[in-house]
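Asker: Two chains, two separate frames, one set of hints: put the complex together.
Chain by chain, the residues run as shown.
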Amino acid sequence: NAGVTQTPKFQVLKTGQSMTLQCAQDMNHNSMYWYRQDPGMGLRLIYYSASEGTTDKGEVPNGYNVSRLNKREFSLRLESAAPSQTSVYFCASSELGTGGEKLFFGSGTQLSVL
Amino acid sequence: GQQLNQSPQSMFIQEGEDVSMNCTSSSIFNTWLWYKQDPGEGPVLLIALYKAGELTSNGRLTAQFGITRKDSFLNISASIPSDVGIYFCAGQLRTNAGKSTFGDGTTLTVKP
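If you read the protein sequences in the order shown, they are chains A and B. Numbering-wise, our numbering puts 56 at position 56 of the first sequence, and it's gapless, one number per residue. Numbering-wise, our numbering puts 27 at position 27 of the second sequence, and it's gapless, one number per residue.
So here's chain B without its partners, still in its complex pose (with noise of 0.2 Å):
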């Protein structure tokens, strides 16, 4: 089946900085999805692309569906301590009835 790789696989910064995280895969995806997860909790739905090129915001998170359709890129400015958890990638094709497949995921920290 087709993979996700994102990166980095774990990330440690001060409060303020911007965090960029990314997924590549060796196949092309129809519709990029970005995810959180919070300890002890399951997925949220943070950022969906549907289109090559789009660049779409949701107040300090930007994400970007690359030209090529097989990367996106997740961008977090201005990082605060509730940034803290679990990000997860996925991609999905049209022919596989919208399923997803996601990445093994990023694991921010945040020190205040």
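With the rest of the complex left out, here is chain A (with noise of 0.2 Å):
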């Protein structure tokens, strides 16, 4: 089982280059996000996609664009990187189970912006 895959493993942009990190499900779940995480911190929602065709703001939004491609591929776009973006970035879905959700978590993008 894949499960949530996300491409590239690790990227090295230079400060103002864009990229698109890349994440795909194969758990037909409805719901997919994009956290990121930070040395000592938690992980902080970017945006998130609770069915095909929907996408919302979370908490860290800004310099971020996201693509709800399909119900499997949901995707993060840096228009302009800058170095505050240096992060290591996480695509997750989720079930909706009793009383909340539980979130799969694919294996992770870190990124450096020079």
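These are computed hints drawn from the structure, not numbers from a lab. Fair warning: there could be bad hints in the mix.
As the list claims (entries may be wrong) - Computed list of lysine to aspartate or glutamate pairs in EDC-like fashion (alpha-carbon distance at most 16 Å, straight line): (1) B/Lys111 with B/Glu17; (2) A/Lys14 with A/Glu79; (3) B/Lys111 with B/Asp18; (4) B/Lys99 with A/Glu59; (5) B/Lys99 with A/Glu95; (6) B/Lys99 with A/Asp56; (7) B/Lys70 with B/Glu54; (8) A/Lys9 with B/Glu41; (9) A/Lys71 with A/Asp38; (10) B/Lys51 with B/Asp71; (11) A/Lys71 with A/Glu52; (12) A/Lys71 with A/Glu95.
As the list claims (entries may be wrong) - Derived Cβ-Cβ restraints for the label pairs, each shown as a range: (13) A/Gln22 with B/Ala78: 35 to 45 Å; (14) B/Glu17 with A/Gly40: 16 to 26 Å; (15) A/Lys14 with B/Leu55: 43 to 53 Å; (16) A/Pro39 with B/Gly53: 45 to 55 Å; (17) B/Leu55 with A/Asp26: 43 to 53 Å; (18) B/Val44 with A/Gly16: 30 to 40 Å; (19) A/Lys14 with B/Ala52: 49 to 59 Å; (20) B/Glu41 with A/Met19: 32 to 42 Å; (21) A/Asn30 with B/Pro112: 41 to 51 Å; (22) B/Tyr50 with A/Pro8: 30 to 40 Å; (23) A/Asp56 with B/Glu41: 19 to 29 Å; (24) A/Lys57 with B/Ala78: 20 to 30 Å; (25) A/Ser112 with B/Leu55: 40 to 50 Å.
We treat Cβ as the ideally placed atom computed from N, Cα and C, and that holds for glycine.
Answerer: Right, dumping it as structure tokens:
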């Protein structure tokens, strides 16, 4: 079972460059999420998509855009990368369990912006 | 937004020891979840709790949903080297469409 697949695993960008992080899930989940993780901090929600065709801002959306291409795929785009966006990015999907949502995470993308 | 305080920030223990960590919030949650992150990987769900006072086990792990609904606890018994990693708590509110608020994590190191 692949679960949640993220590409690339590592990326180095120069300030001002753009790139797209790809994410796909094969669990037929409706909801998908993008988080960033910085040292000593928890996971902060960037954007989420409750279902195909919908996207909403999370806690730290500035500097990012997302596209829910279909039910399986949810991409995160940095239009003009900044050093403050150096982080580890995680994509997740969820099934709606009793009383809440259990998240399934990809293995992450380590992004460095120079 | 809601904030979760997770403690301790890090722990260094001997193999075989028991571990306790907790998470507190200034406001209530409807669901508490505990995740573990291995180095270089994404977090994996360990335990989910849905009712105040609920006590749930998963092997050597036991978690509790505090009766005030503002805290949760995770215990690991008889630690082993593969318990190493970062443990995150997360809280959810039904009114927030089930989206999770994460604590900053507890980094666990187990010395053989």
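Asker: Decide, hint by hint, whether the structure agrees.
Answerer: Results of checking the hints against the structure:
no. : hint                              : verdict
1   : B/Lys111 with B/Glu17             : holds, 10 Å
2   : A/Lys14 with A/Glu79              : holds, 12 Å
3   : B/Lys111 with B/Asp18             : holds, 13 Å
4   : B/Lys99 with A/Glu59              : holds, 11 Å
5   : B/Lys99 with A/Glu95              : holds, 12 Å
6   : B/Lys99 with A/Asp56              : holds, 12 Å
7   : B/Lys70 with B/Glu54              : holds, 13 Å
8   : A/Lys9 with B/Glu41               : holds, 10 Å
9   : A/Lys71 with A/Asp38              : violated, 28 Å
10  : B/Lys51 with B/Asp71              : holds, 12 Å
11  : A/Lys71 with A/Glu52              : holds, 5 Å
12  : A/Lys71 with A/Glu95              : holds, 13 Å
13  : A/Gln22 with B/Ala78: 35 to 45 Å  : holds, 41 Å
14  : B/Glu17 with A/Gly40: 16 to 26 Å  : holds, 24 Å
15  : A/Lys14 with B/Leu55: 43 to 53 Å  : holds, 52 Å
16  : A/Pro39 with B/Gly53: 45 to 55 Å  : violated, 35 Å
17  : B/Leu55 with A/Asp26: 43 to 53 Å  : violated, 34 Å
18  : B/Val44 with A/Gly16: 30 to 40 Å  : holds, 36 Å
19  : A/Lys14 with B/Ala52: 49 to 59 Å  : holds, 51 Å
20  : B/Glu41 with A/Met19: 32 to 42 Å  : violated, 22 Å
21  : A/Asn30 with B/Pro112: 41 to 51 Å : holds, 43 Å
22  : B/Tyr50 with A/Pro8: 30 to 40 Å   : holds, 37 Å
23  : A/Asp56 with B/Glu41: 19 to 29 Å  : holds, 27 Å
24  : A/Lys57 with B/Ala78: 20 to 30 Å  : violated, 44 Å
25  : A/Ser112 with B/Leu55: 40 to 50 Å : holds, 43 Å
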